[in-house]
Amino acid sequence: MDEEEDTSTKDMSDGVSNQVGMRKKLRLTKEQLTSVWQTQKQELADQLNLRPRQVEVWFQNRRARTKLKQTEVDCELLKKCCENLSNENRRLKRELEELKSMKPGCPFHVGIPKVATLSLCPSCERTMAAGSEKGNGALGAMKSQRVPLKNGLVGL
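Residue 71 in full-length UniProt numbering is what sits at position 71 of the sequence shown, and the numbering runs on without skipping anything.
Errors might be hidden in some of the hints.
Here are the simulated lysine-lysine pairs, BS3-like style, with alpha carbons at most 25 Å apart [stated by the list, open to error]:
| no. | residue 1 | residue 2 |
| --- | --- | --- |
| 1 | Lys41 | Lys25 |
| 2 | Lys67 | Lys41 |
| 3 | Lys79 | Lys69 |
| 4 | Lys69 | Lys80 |
| 5 | Lys93 | Lys79 |
| 6 | Lys93 | Lys80 |
| 7 | Lys67 | Lys80 |
| 8 | Lys30 | Lys41 |
| 9 | Lys79 | Lys67 |
| 10 | Lys30 | Lys67 |
Derived from the structure by calculation, the hints contain no laboratory data.
Given these sequences and hints, build the entire structure.
Here it is, written out as C-alpha coordinates:
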(Lines of atoms letter the chains of each structure in order from A and count residues from 1; the text may use other names and numbers.)
(Lines give C-alpha, C1' and ligand atoms only; values in the text may rest on other atoms or scores of the structure.)
Protein backbone atom coordinates (compact mmCIF):
# COMPACT_ATOMS: atom_id res chain seq x y z
CA MET A 1 0.00 0.00 0.00
CA ASP A 2 2.87 2.41 0.84
CA GLU A 3 4.55 1.62 -2.47
CA GLU A 4 1.37 2.56 -4.37
CA GLU A 5 1.10 5.90 -2.55
CA ASP A 6 4.76 6.72 -3.26
CA THR A 7 4.43 6.12 -6.98
CA SER A 8 1.14 7.95 -7.46
CA THR A 9 2.28 11.23 -5.87
CA LYS A 10 5.85 11.36 -7.15
CA ASP A 11 6.93 14.46 -9.13
CA MET A 12 3.48 15.97 -9.65
CA SER A 13 3.30 19.76 -9.72
CA ASP A 14 0.26 21.77 -10.84
CA GLY A 15 -1.24 18.77 -12.61
CA VAL A 16 1.76 18.38 -14.94
CA SER A 17 3.84 15.26 -14.46
CA ASN A 18 7.60 15.31 -14.67
CA GLN A 19 8.45 12.29 -16.82
CA VAL A 20 12.10 12.18 -15.74
CA GLY A 21 12.56 9.69 -12.90
CA MET A 22 8.83 8.90 -12.66
CA ARG A 23 7.96 5.28 -11.97
CA LYS A 24 4.85 3.66 -13.33
CA LYS A 25 1.89 3.44 -10.98
CA LEU A 26 1.67 0.05 -9.33
CA ARG A 27 -1.22 -1.91 -10.82
CA LEU A 28 -2.27 -5.07 -9.06
CA THR A 29 -4.02 -7.95 -10.75
CA LYS A 30 -7.42 -9.04 -9.55
CA GLU A 31 -5.90 -12.00 -7.73
CA GLN A 32 -3.32 -9.79 -6.02
CA LEU A 33 -6.00 -7.33 -4.93
CA THR A 34 -8.12 -10.13 -3.51
CA SER A 35 -5.15 -11.53 -1.59
CA VAL A 36 -4.10 -8.13 -0.21
CA TRP A 37 -7.67 -7.24 0.72
CA GLN A 38 -8.20 -10.59 2.46
CA THR A 39 -5.09 -10.16 4.61
CA GLN A 40 -5.87 -6.52 5.42
CA LYS A 41 -9.47 -7.39 6.23
CA GLN A 42 -8.33 -10.19 8.55
CA GLU A 43 -5.77 -7.92 10.27
CA LEU A 44 -8.37 -5.19 10.84
CA ALA A 45 -10.89 -7.72 12.13
CA ASP A 46 -8.31 -9.09 14.59
CA GLN A 47 -7.33 -5.60 15.77
CA LEU A 48 -10.94 -4.51 16.27
CA ASN A 49 -12.28 -7.81 17.61
CA LEU A 50 -14.73 -8.08 14.70
CA ARG A 51 -15.47 -10.72 12.11
CA PRO A 52 -13.93 -10.15 8.65
CA ARG A 53 -17.43 -9.87 7.18
CA GLN A 54 -18.19 -6.96 9.54
CA VAL A 55 -15.08 -5.13 8.33
CA GLU A 56 -16.10 -5.77 4.73
CA VAL A 57 -19.63 -4.46 5.36
CA TRP A 58 -18.24 -1.38 7.13
CA PHE A 59 -16.13 -0.48 4.07
CA GLN A 60 -19.09 -1.10 1.75
CA ASN A 61 -21.27 1.16 3.88
CA ARG A 62 -18.60 3.85 3.93
CA ARG A 63 -18.33 3.78 0.14
CA ALA A 64 -22.13 3.95 -0.14
CA ARG A 65 -22.32 6.92 2.28
CA THR A 66 -19.55 8.75 0.43
CA LYS A 67 -21.29 8.17 -2.89
CA LEU A 68 -24.63 9.31 -1.44
CA LYS A 69 -23.12 12.50 -0.01
CA GLN A 70 -21.47 13.29 -3.34
CA THR A 71 -24.77 12.65 -5.11
CA GLU A 72 -26.53 15.03 -2.70
CA VAL A 73 -23.89 17.72 -3.30
CA ASP A 74 -24.22 17.25 -7.06
CA CYS A 75 -28.02 17.39 -6.78
CA GLU A 76 -27.91 20.65 -4.81
CA LEU A 77 -25.55 22.16 -7.37
CA LEU A 78 -27.84 21.10 -10.20
CA LYS A 79 -30.87 22.51 -8.36
CA LYS A 80 -29.13 25.89 -8.01
CA CYS A 81 -28.13 25.84 -11.68
CA CYS A 82 -31.69 24.94 -12.67
CA GLU A 83 -33.10 27.73 -10.48
CA ASN A 84 -30.67 30.25 -11.97
CA LEU A 85 -31.56 29.14 -15.49
CA SER A 86 -35.28 29.35 -14.71
CA ASN A 87 -34.87 32.88 -13.34
CA GLU A 88 -32.87 33.89 -16.40
CA ASN A 89 -35.51 32.33 -18.65
CA ARG A 90 -38.32 34.23 -16.89
CA ARG A 91 -36.34 37.48 -17.13
CA LEU A 92 -35.70 36.98 -20.84
CA LYS A 93 -39.37 36.13 -21.46
CA ARG A 94 -40.45 39.34 -19.68
CA GLU A 95 -37.93 41.32 -21.68
CA LEU A 96 -39.18 39.73 -24.91
CA GLU A 97 -42.80 40.54 -24.02
CA GLU A 98 -41.83 44.15 -23.28
CA LEU A 99 -40.08 44.40 -26.62
CA LYS A 100 -43.05 42.85 -28.41
CA SER A 101 -45.46 45.28 -26.72
CA MET A 102 -43.50 48.30 -27.98
CA LYS A 103 -44.66 50.01 -31.15
CA PRO A 104 -43.85 47.93 -34.20
CA GLY A 105 -41.87 49.83 -36.79
CA CYS A 106 -39.74 51.72 -34.27
CA PRO A 107 -36.51 49.73 -34.40
CA PHE A 108 -34.42 52.76 -33.42
CA HIS A 109 -36.29 53.25 -30.15
CA VAL A 110 -35.87 49.74 -28.73
CA GLY A 111 -34.52 49.88 -25.21
CA ILE A 112 -33.89 53.64 -25.27
CA PRO A 113 -35.98 55.80 -22.92
CA LYS A 114 -38.38 58.04 -24.82
CA VAL A 115 -37.03 61.20 -23.19
CA ALA A 116 -33.56 60.70 -24.62
CA THR A 117 -34.66 59.48 -28.06
CA LEU A 118 -33.73 61.54 -31.10
CA SER A 119 -34.98 60.82 -34.60
CA LEU A 120 -33.08 61.67 -37.76
CA CYS A 121 -35.03 63.37 -40.50
CA PRO A 122 -33.58 61.78 -43.66
CA SER A 123 -34.70 64.53 -46.03
CA CYS A 124 -33.03 67.44 -44.23
CA GLU A 125 -30.33 65.60 -42.23
CA ARG A 126 -31.48 67.19 -39.01
CA THR A 127 -32.29 65.68 -35.65
CA MET A 128 -35.65 65.93 -33.95
CA ALA A 129 -36.35 65.17 -30.28
CA ALA A 130 -38.81 62.34 -29.62
CA GLY A 131 -42.35 63.36 -28.82
CA SER A 132 -42.11 66.60 -30.80
CA GLU A 133 -44.40 65.25 -33.50
CA LYS A 134 -47.24 64.89 -30.98
CA GLY A 135 -49.70 67.58 -30.07
CA ASN A 136 -51.13 70.34 -32.26
CA GLY A 137 -48.99 71.95 -34.90
CA ALA A 138 -46.74 68.96 -35.54
CA LEU A 139 -44.86 70.73 -38.33
CA GLY A 140 -44.20 73.77 -36.15
CA ALA A 141 -43.04 71.55 -33.30
CA MET A 142 -40.71 69.73 -35.67
CA LYS A 143 -39.16 73.00 -36.85
CA SER A 144 -38.64 74.23 -33.30
CA GLN A 145 -37.02 70.94 -32.21
CA ARG A 146 -34.62 70.51 -35.14
CA VAL A 147 -30.94 70.53 -34.34
CA PRO A 148 -28.40 70.56 -37.22
CA LEU A 149 -25.86 67.77 -37.47
CA LYS A 150 -22.20 68.77 -37.35
CA ASN A 151 -19.74 66.11 -38.52
CA GLY A 152 -22.19 63.35 -37.63
CA LEU A 153 -22.67 64.59 -34.05
CA VAL A 154 -25.83 66.14 -32.68
CA GLY A 155 -25.29 69.79 -31.77
CA LEU A 156 -27.65 70.93 -29.04
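Taking the hints in turn, this is what the structure says about them:
{"no.": "1", "hint": "Lys41 x Lys25", "result": "23 Å, holds"}
{"no.": "2", "hint": "Lys67 x Lys41", "result": "22 Å, holds"}
{"no.": "3", "hint": "Lys79 x Lys69", "result": "15 Å, holds"}
{"no.": "4", "hint": "Lys69 x Lys80", "result": "17 Å, holds"}
{"no.": "5", "hint": "Lys93 x Lys79", "result": "21 Å, holds"}
{"no.": "6", "hint": "Lys93 x Lys80", "result": "20 Å, holds"}
{"no.": "7", "hint": "Lys67 x Lys80", "result": "20 Å, holds"}
{"no.": "8", "hint": "Lys30 x Lys41", "result": "16 Å, holds"}
{"no.": "9", "hint": "Lys79 x Lys67", "result": "18 Å, holds"}
{"no.": "10", "hint": "Lys30 x Lys67", "result": "23 Å, holds"}
Going down the numbered hints, you'll see the structure goes against none, and every one checks out.
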